[in-house]
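Protein sequence lines, in the order shown, are assigned to chains A and B.
Quick note: the first sequence, position 175, residue 175 per my numbering, numbers continuous.
Converting from the second sequence to my numbering requires adding 430 to each position, the first position being numbered 1.
Don't take every hint at face value.
For lysine to aspartate or glutamate, the following EDC-like pairs were computed, each having C-alpha atoms within a straight-line distance of at most 20 angstroms [to be verified]:
| no. | chain 1 | residue 1 | chain 2 | residue 2 |
| --- | --- | --- | --- | --- |
| 1 | B | Lys-466 | A | Asp-429 |
| 2 | B | Lys-621 | A | Glu-141 |
| 3 | B | Lys-627 | A | Glu-141 |
| 4 | B | Lys-628 | B | Asp-665 |
Stretch by stretch, here's where chain B covers chain A in the computed footprint (C-beta under 8 angstroms, at least three residues) [stated by the list, open to error]:
| no. | segment |
| --- | --- |
| 5 | 242 to 254 |
| 6 | 391 to 398 |
| 7 | 408 to 418 |
These aren't lab readings, by the way, just hints derived from the structure by calculation.
Computed from a predicted structure; not experimentally measured.
We put the beta carbon where it would ideally sit given N, CA and C, even for glycine.
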Amino acid sequence: MISQLIFIFITLAAVALFSLNARKIWRNINLGHARDRSDRPAARWLTMLRVAFGQSKMATKPIPALLHFFVYAGFVIINIEVLEIVIDGISGSHRAFHGLGGFYSFLIGSFEILALTVWLSCVIFLIRRNVIRVRRFKGVEMTAWPKSDANLILVTEILLMSAFLIMNAADAKLQALGAGHYISAGSFPVSSWLQGILPATETSLVFIERFCWWFHIIGILAFLNYLPYSKHFHILLAFPNTYFSKLRPKGEFTNMESVKNEVKAMLDPSFTPPETAPGKFGAKDVTDLTWVNLLNAYTCTECGRCTAACPANITGKLLSPRKIMMDTRDRLEEVGRNIDKHGAGYEDGKALLDDYISREEIWACTTCNACTQACPVNIDPLEIIVELRRYAVMEESKSPASINAMFGNVENNGAPWKYSPADRLNWRDA
Amino acid sequence: MAEMVAAGEEPEILFWVGCAGSYDERAQKITRDICKILHHVGIKYAVLGTEESCTGDPAKRAGNEFLFQMQAMANIEVLNAYQVKKIVTGCPHCFNTIKNEYPGLGGSYEVIHHSQLIQQLINEGKLRAEGGESFKGRKITFHDPCYLGRANGVYEAPRAALEILDAELVEMKRCKSNGLCCGAGGAQMFKEPERGKKDINIERIEEALLTAPQIVAAGCPFCMTMLKDGVKLKDREQDVEVLDIAEITARANGL
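All chains should be modelled from the sequences, with the hints used to inform the complete structure.
Below, the structure written as structure tokens:
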């Protein structure tokens with residue numbers, strides 16, 4: 001009875017803490033400007049099914065795709081087991097679903113195989129990160145915390161899977177001994193190999209089985225609460241993020257409404273622009289971005305495929321699209337903490353541009369869309385870069401001198417170079 | 431265009447030449463070849479001439495939305511005044527801007543890139559590869575322009591124009607949706623690159639040269655400049671040509 005109460009208390013506390021943190025993230029994302037992404041729901045569901053659920057964009061790198069698929073499938077399917085654990089924990093039953101008989105054996109057997117593939121995949125991932133040193137896991141933005149975050153996730157998953165398998169091994173042994181409530185249920189294709197290393201006495205086995213059971217469920221609840229602090233949050237946000245991703249051609253940039261009215265008024269003196277509150281052009285800080293950009297930032301799992309594909313980064317420039325996303329999230333978290341501490345509207349004198357992302361970075365972008373193409377969850381670093389450029393150009397008139405010269409030429413000659421508009425047809429004469 | 435309208439004629443298609451195609455000496459050649467192809471197949475076309483102005487693409491990518499919309503609205507006014515319905519562009523940047531960004535500002539047209547026009551003409555049997563230079567067996571690698579490929583998903587049209595040549599097409603490791611930018615996009619064409627280890631066009635031309643091509647094919651005047659400079663810097667001008675899809679088509683047909 002006591003253990004049931006403890007279980008219920010821990011579970012409720014974990015869920016409450018998670019919802020508190022998830023609500024903060026929700027609030028932070030909503031600090032962004034409005035952006036209508038409610039159009040074409042059918043196409044959006046399809047995108048989500050294909051890209052997030054079906055992981056279609058992972059396929060460009062087959063080995064990581066396969067390993068990632070194991071971990072993903074394991075995560076989704078083994079969570080059915082968590083349902084049983086929760087029921088057992090609350091009601092004090094043992095293997096509540098054992099009544100399913102043969103199907104139950106099939107389920108437990110499949111979970112075991114999945115647990116093994118998750119375990120192995122995570123070990124290989126750890127080796128890739130720490131021994132093989134894949135290039136995209138390096139970079140200026142991959143400081144101590146992002147690296148430990150990645151390793152911590154992998155180690156936790158290995159521990160959780162180990163606990164699950166050892167628990168089953170002990171359980172199977174207890175079933176064979178005919179001990180207490182350990183009814184004969186399930187099949188154990190993987191954990192049966194572990195039985196040999198376990199002790200033979202019933203008391204030790206019960207201790208190991210209980211320990212692993214508690215470790216597994218508390219581990220999962222702890223992991224749930226780790227998510228909001230981690231890049232691993234992508235396991236949840238990948239779905240909404242792909243749903244709300246850009247469906248228009250990649251080359252299409254937004255036409256700014258605020259500019260539209262001013263330009264119309266300039267070209268047509270009889271046009272009176274609707275009264276709107278004066279806003280800024282472009283983005284200086286995260287709160288000038290749209291909620292989609294901010295959702296993107298929380299979704300990023302820092303895999304670095306964008307940066308590995310970025311022509312500027314490949315040729316040694318400072319720009320790294322992954323850093324753009326990580327900086328956006330870090331700054332947004334900082335803004336969120338300021339709100340928690342000092343209330344809304346607090347200015348800390350810092351901004352995304354300059355304090356996090358430098359001018360050198362934003363001007364190195366060729367807008368080639370390699371990053372958006374490479375992202376397995378349809379994150380768009382390019383839009384953030386362009387918004388920062390818009391601020392630099394339209395609010396501050398601060399752009400590289402040669403870019404200013406180009407603007408001048410377009411304005412005066414209708415071409416980015418200093419040629420006379422009268423010579424536009426000269427190509428005919430050669 | 432003005433002359434055509436004055437003569438009471440209506441063109442089938444408007445050829446949007448673009449700034450590079452109008453002023454850049456190398457790109458002017460491509461412009462003339464596109465005209466030769468249009469003439470060859472008997473399409474009645476027009477150009478805006480001095481009434482054409484920059485689409486605003488470089489301004490938009492660089493963050494100057496004001497200048498972009500000024501250019502766009504002025505161009506749309508001209509295009510709508512002439513009741514233009516169909517446009518072919520010689521540049522993927524003009525193509526992308528007019529096709530995707532003009533509709534929201536009141537300018538909706540059917541817009542195609544010249545590689546798509548060539549593909550259509552081949553499919554309709556109006557354009558073959560005969561009567562000119564033979565490209566049979568020559569090694570050609572195609573560099574995907576970002577604003578044609580990734581930006582708009584056009585990968586097959588330029589390849590269709592090359593496939594008809596009976597040449598040996600070799601793909602670079604990074605091609606199609608995985609293609610590497612030439613380094614000119616996003617207004618980089620008009621500024622010095624940021625400091626780094628290497629220029630992007632060098633990285634790209636090195637990759638192209640790995641395929642041991644006789645011809646590096648391009649579909650964009652900016653890529654043309656970057657690739658041409660790359661070949662020059664690598665001192666390979668004697669054995670590697672950089673040619674636009676339109677130039678290859680014109681040559682193959684003896685135009």
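Here is what the structure says about each hint:
With a CA separation close to 14 angstroms, the supplied pair B:Lys-466 and A:Asp-429 stays within the 20 angstroms bound. Proximity of B:Lys-621 to A:Glu-141 is assessed by CA-CA distance (about 26 angstroms); at most 20 angstroms being required, the pair is judged violated. For a cut-off of 20 angstroms, the pair hint linking B:Lys-627 to A:Glu-141 stands: about 18 angstroms separates their Cα positions. Between B:Lys-628 and B:Asp-665 the alpha-carbon distance is near 17 angstroms, which keeps this suggested pair within the 20 angstroms criterion.
For the segment 242 to 254 of chain A, the stated coverage by chain B holds: 6 residues have a C-beta nearer than 8 angstroms to a C-beta of that chain, and at least 3 were required. For the segment 391 to 398 of chain A, the stated coverage by chain B is satisfied: 4 residues place a CB nearer than 8 angstroms to a CB of that chain, which reaches the threshold of 3. With 6 residues bearing a CB less than 8 angstroms from a CB of chain B, the segment 408 to 418 of chain A meets the requirement of three and the coverage assertion stands.
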